[in-house]
Amino acid sequence: MRLRIYRYDPDSDRGPHMQDYTVEPEADDRKLLDLLVRIKSFDDSLSFRRSCREGICGSDGMNINGRNGLACLTSINGLAEPVTLRPLPGLPVIRDLIVDMTQFFAHYKAIKPYLIEKAPPPDRERHQSPEEREKLDGLYECILCACCSTFCPSFWWNPDKFLGPAALLQAYRFIADSRDGATAERLDYLDDVYRLFRCRSIMNCTEVCPKGLSPSHAIEQIRQALLARSL
Amino acid sequence: MRVFSGQVPWLLQRLTALFLIAALLVICVVIFLGLLPDYSSWKAFAKSGHGATIIFVSYLAICTHAWIGARDVLLDYVKPISLRLTLLVAISLLLTATAIRLLLILGAQLPV
Amino acid sequence: MHRSATNHPRFLNLLQMRHPVGAIVSIGHRVSGLLLIAALPALVAGLEWSLRSEADYRQLSEMLLGPWARGVFVLLIWALAHHVAAGVRHLLMDAGVGSRLPQARASARLAIVFALLCALAAAIGSLS
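Residue numbers (the numbering used here), protein chains in the order written: chain W, 345 to 575; chain Y, 7 to 118; chain F, 31 to 158.
It is possible that some hints are incorrect.
Calculated pairs, DSSO-like style, for lysine-lysine (alpha carbon to alpha carbon, straight line, at most 27 Å) [stated by the list, open to error]: (1) K479(W) with K462(W); (2) K505(W) with K555(W); (3) K505(W) with K85(Y); (4) K453(W) with K53(Y); (5) K555(W) with K479(W); (6) K456(W) with K479(W).
Cβ pair distances, simulated, as ranges [claimed, not checked]: (7) N421(W) with L94(F): 49 to 59 Å; (8) I54(F) with D364(W): 25 to 35 Å; (9) S91(F) with R544(W): 31 to 41 Å.
No lab work stands behind these hints: they were computed from the structure.
Using N, Cα and C, we set each Cβ at its ideal position, and we do this for glycine too.
From just these sequences and the hints, can you work out the full model?
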């Protein structure tokens, strides 16, 4: 199989360029990550992040044939050749397919991704009914791989001010959580022309989420929550 | 300015859109059913109080909707605040000028 | 030329990405909106002309069907049709209708095709 991979070495004078590779998949190779690991065996200089190899750690997000995805969940079968790999769009490239995720995680931190309680802690458990727990489905599964935010045009134009689909989905995960007591403050924070309202429902996020989540739907829910409390 | 922060323009954009869709449907009906087929019928409509009002209110809706849309584009692409403010003011003046012009045109039609 | 820590490249070449249909209809919505704003002064001027006199009204209708004006007319019809179709799609999605991915893709395609058909109709209509 033929691949064209984005190469960039910050220590060399050469700018970013594409490099061609040819790899023969073995019988057991199923996913793009398998091919990348095979390339590593004869070209050790190729750098990319990877860990769990099963789509749960979110490390190996990259732009595959023009769309974002996880290398470990992308099947070799049916991949158009040459398989063109580039780093996640918009974020500074550290090396080859490795990008600087600082801005992405800063937005995540800004939405306070932890339960905030006003009431004193209960004697025993914090109760949550099955119906209340169901509200978190489609939100808690996010692995923070950044495929969505780095495919969002609004995030490309304002990565510092627009929170992006991932952070917004996580913000809604806590707004929807019955155990959290800071809903009003969370909504206040989001009600801003840049933080939330740069979203135009382009829906690129939902198109590329490797976990099948819908950040655009979560953002819609936040807007409705904002509207409901101001009317 | 709190009023321009997030929700207010977003909602106003939707409300003016709904109004304009209705207006567009009416215009399509008028054109395709030939309800104002020539100069004299069109002139009579614009001369009437309610006709002129409808035209002007619709144009105000267009200006509001357009202003909010233009502001969104500027917020996305123009980073330096002073440049963004300048362009926003320029667009506001342009839209206001066309609205005043329309007001004068329609005012000139009305019987004294 | 060694790159410092603050001078990293970024991959942002839009031509090298495979854009989903939702992104296409969205950029069309934006471009058509800007075209329509640019046409507003002409709209008001045209309105003024159409009310000035019978002769001016007729001259305006004839001018709108002139060779170069025809192209502009077709473009503006496309812009209006696309902006309205994409706008209606947005309004429905805001209300929760068709916001799931398969439906969103279908409505995006519908909006694009509808606008192109309107432009085609305008082109054919202005030729006759």
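Against the structure, the hints come out as follows:
1. K479(W) with K462(W): holds, 21 Å
2. K505(W) with K555(W): holds, 26 Å
3. K505(W) with K85(Y): holds, 11 Å
4. K453(W) with K53(Y): violated, 61 Å
5. K555(W) with K479(W): Roughly 17 Å between the alpha carbons, so the hint for K555(W) and K479(W) holds.
6. K456(W) with K479(W): This hinted pair holds, its Cα atoms lying about 19 Å apart.
7. N421(W) with L94(F): 49 to 59 Å: holds, 55 Å
8. I54(F) with D364(W): 25 to 35 Å: holds, 30 Å
9. S91(F) with R544(W): 31 to 41 Å: holds, 37 Å
Against the hints set out earlier in the document, a violation occurs for number 4 only.
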